[in-house]
Every structure is written in C-alpha cells, then in structure tokens.
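Q: Chain by chain, the residues:
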Amino acid sequence: MKSLTRYLTFEIPERMDFVNITSDVEDAVRESGVREGLCLVNAMHITASVFINDDEPGLHQDYKDWLEGLAPHDPSRYRHNRTGEDNGDAHHKRQIMGREVVVAITGGKLDFGTWERIFYGEFDGRRRKRALVKIIGE
Amino acid sequence: MKSLTRYLTFEIPERMDFVNITSDVEDAVRESGVREGLCLVNAMHITASVFINDDEPGLHQDYKDWLEGLAPHDPSRYRHNRTGEDNGDAHHKRQIMGREVVVAITGGKLDFGTWERIFYGEFDGRRRKRALVKIIGE
Amino acid sequence: MKSLTRYLTFEIPERMDFVNITSDVEDAVRESGVREGLCLVNAMHITASVFINDDEPGLHQDYKDWLEGLAPHDPSRYRHNRTGEDNGDAHHKRQIMGREVVVAITGGKLDFGTWERIFYGEFDGRRRKRALVKIIGE
Chain A
1 MKSLTRYLTF EIPERMDFVN ITSDVEDAVR ESGVREGLCL VNAMHITASV
51 FINDDEPGLH QDYKDWLEGL APHDPSRYRH NRTGEDNGDA HHKRQIMGRE
101 VVVAITGGKL DFGTWERIFY GEFDGRRRKR ALVKIIGE
Chain B
1 MKSLTRYLTF EIPERMDFVN ITSDVEDAVR ESGVREGLCL VNAMHITASV
51 FINDDEPGLH QDYKDWLEGL APHDPSRYRH NRTGEDNGDA HHKRQIMGRE
101 VVVAITGGKL DFGTWERIFY GEFDGRRRKR ALVKIIGE
Chain C
1 MKSLTRYLTF EIPERMDFVN ITSDVEDAVR ESGVREGLCL VNAMHITASV
51 FINDDEPGLH QDYKDWLEGL APHDPSRYRH NRTGEDNGDA HHKRQIMGRE
101 VVVAITGGKL DFGTWERIFY GEFDGRRRKR ALVKIIGE
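Protein chains in written order, with the numbering used here: chain A, 1 to 138; chain B, 1 to 138; chain C, 1 to 138.
Rather than coming from a laboratory, the hints here were simulated on the basis of the structure. C-beta atoms are modelled at their ideal positions from N, C-alpha and C, and glycine is treated no differently. Check the hints yourself; a few may be wrong.
[To be verified] In silico lysine-lysine, DSS-like type, Cα no more than 30 Å apart, as pairs: (1) Lys109/A with Lys2/A; (2) Lys129/A with Lys129/C; (3) Lys64/C with Lys109/B; (4) Lys129/B with Lys2/B.
[Claimed, not checked] Estimated spans, in silico, between C-beta atoms of each pair: (5) Pro72/A with Trp115/C: 18 to 26 Å; (6) Arg35/B with Thr83/C: 13 to 21 Å; (7) Asp27/A with Arg35/C: 33 to 41 Å; (8) Gly108/C with Ser76/B: 49 to 57 Å; (9) Glu11/C with Val19/B: 16 to 24 Å; (10) Arg127/B with Gly84/C: 36 to 44 Å; (11) Arg128/C with Gly84/B: 48 to 56 Å.
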C-alpha cells in the first residue's frame, strides 16, 4: 500500500468564499503514484468545508445567499458567541456544505464526472487555515 | 490490496426521485472479493446525491417536500440559471443530501445497521447520469 | 494491509443529544497498529449522525435549536410517521449533520486540526444504538 499526506494552506480575505483546489489535489494524486485507491480531502477547521460542485460564479453567489439565509451571521443569534467568538454561523454553514470529500482514484487519476470540481469553503476567513489531502492505494 | 470500480447508470423520468441501489453495491462487493475494506459510492454529477436512509415511500415524499422548501425549484431564484440552466435548485438540494457515502466492508459484506439502504438521489433527472462504486481492501 | 472494526454502543436518555467519541476512536486507532491509513466512523442507524465539530456546549445547544427549526419534531408533519413511528424529524436532522466522517491516520494518530472532535449525534434516543469504527491502512 502506498500513501501520501499533503497540507494545503489558505488565508482568505473574505469571511465567506470558495476556492477551487482541484489542481492541488490532482498534483498530490500524481505525486503519490497511486493507480487505484481513495483520496480524502478535508477541512482541518470546524468553520470550513471541502465540497464538490460546479466552478460557476453565479452558483457560488447563490450558495452564499442561501447559507446566509439558513444560518445568518448575526453574532447575537448564537450561544457559541458568548465564548467571545463571532463565528457561530460558520459552524452551522459548514455542516450544510460538509467537512470532507472522498474521491476514487482510477488509472492514476481522480475518477470524476464532467463537472466535478473540489472546493475549499471558508466561512470564517481572514486568518490562516488548512486542508488535508490523504491518499491511500496501490 | 484488491480494488474494483463499477459505474451505475440512471435515466430517471422525474426531475427529483430516489432509487435504492443497495443490491447493485452488494453485487460489486461480492465481485471484488474484498473481505475487509471500504466501499465508496458517489454521484458523478453535481445535481445528484448518494445517501443512506430508510426505504420507506412516505419518508421519501417527506424529503422531497422538505428539500423543495429549503431550495425551491423556481428558476428565477438562482443566478446560476442565467447561464441557461434551470437546475440551480438541484445544486442546493444535493448539498443537503450529500455527494457520497463510505461504507465499511466486514467479512465480505457491507457492514450495515438493520435499516441502512443506499440511494441514488436525483434532483435534475430526465437525462442519463452515473454513480461510481469504488472498493478497496483485502 | 491492516484493518480493525469496532462497534460503539449508546443509550442516550434524551431524544436529541451529542456525545464526544473522539477518545473511543483514538483507542481503536492505537489498537489497530495502523500508521498510515483511513478511519471511517459512521452511525449504524438512520436517525443518528457522526460529525466533527467543536466540543462547546453553547454550540451544541445552537445546533439543537437550529435543527429543530429546520426539521421540527411535530409528528403530524411527516408522512413517515403514518407507519406508526414518531421520528420523521430525526431522519431529516440526520441528513443535515451527516451519517459519517472519514479521518486520515498519519504517523499512527488521527490527523486532526486543533479543534476537531468526533461526535455521535442522536436524534431519536432513549433506545440502544450503535456506531461503527473501521480502520484500514498499514
């Protein structure tokens, strides 16, 4: 069994934004030498997501509006913010969009449908954060 | 390490519907010869889900109503639809229900609780679509 | 390839509650002897979740209120409850919070960010339920 571990770092200037990290993950797959296996990509922070969807700016703005409706930023809404934080909303938005994705590796490549792209989703930006890529297989 | 890759195809006559694919995944597990490992099942489209829940028609109708409330179809609501699409809602519904499941294989079988069943969830049907089954283990 | 399977059991006195199971999963990783691999943790019931977030009581109460808003318990709302159940809401809450997490194992340990903790999320408690830990790697 082969394995590879990579850490991706982010410092997103907005509170909420999405970054296409597909090519970073593809680089890791290539470097791993794995032909058949699984690739895990996850946020290492609990106010961020990794998800797979379309690289289309209109959709990304739709997501931001929708998530703001489902879990508004307003710091006064969350008990969590009594700890001195103002990111209670980010812990909720991340649950909707998910922590991680697991992608098949087939013939040495991410086994993706036509429009699948991997995104880091930030909900409490303006600080340094990390995502993890872990590959296992043969 | 053994591995197996299978593609399942769908052409769902409704815009939104759920299909029990548990037996297809069980067939793949059997064929793989894997006794201990992991089985990934994911939608290969960004307007569809793979999820695990109950095979109960009332619940499935509940899910449809609930998802329609959380992300209504109405094409005028989504910037994404300015690209010429009418499936903005499907990209949102899929995020609620998830892209993929990972299931343990123990003793050559899906290691499932009593009521766990795997479903393909379609949110933009009436076209040909695919899901992926990837098994690794020994 | 090494593998290990563990079943965790719960009997939560409340209908909805969250239990930190991080140390149980860490014990399984240690016992497995896996240095590089993947660890799957999933609910074996379709009215429960396994998720990763903060071990902060205010946030957990925020989650409960938010999930109750997104999928209220009121048994009369759900067709599913015509089968004699009263847990239709739990099947919805679990979809928001997710069924499972997959965590990287690096150097023999869960490869976690500072605040990541694993929780069993119960939405239809007061009965005996199970979660599964499956580890594969080398």
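Q: With reference to the structure, classify each hint as holding or not holding.
A: Now for the hints, and whether the structure bears them out:
1. Lys109/A with Lys2/A: holds, 15 Å
2. Lys129/A with Lys129/C: violated, 35 Å
3. Lys64/C with Lys109/B: Roughly 35 Å separates the two Cα atoms, so the pair is violated.
4. Lys129/B with Lys2/B: holds, 27 Å
5. Pro72/A with Trp115/C: 18 to 26 Å: About 22 Å separates the Cβ atoms of Pro72/A and Trp115/C, which means 18 to 26 Å holds.
6. Arg35/B with Thr83/C: 13 to 21 Å: violated, 36 Å
7. Asp27/A with Arg35/C: 33 to 41 Å: Because 24 Å falls outside the window, the suggested range is violated.
8. Gly108/C with Ser76/B: 49 to 57 Å: holds, 54 Å
9. Glu11/C with Val19/B: 16 to 24 Å: violated, 34 Å
10. Arg127/B with Gly84/C: 36 to 44 Å: Holds, at about 38 Å.
11. Arg128/C with Gly84/B: 48 to 56 Å: holds, 52 Å
Going through the hint list in order, the structure does not satisfy hints 2, 3, 6, 7 and 9.
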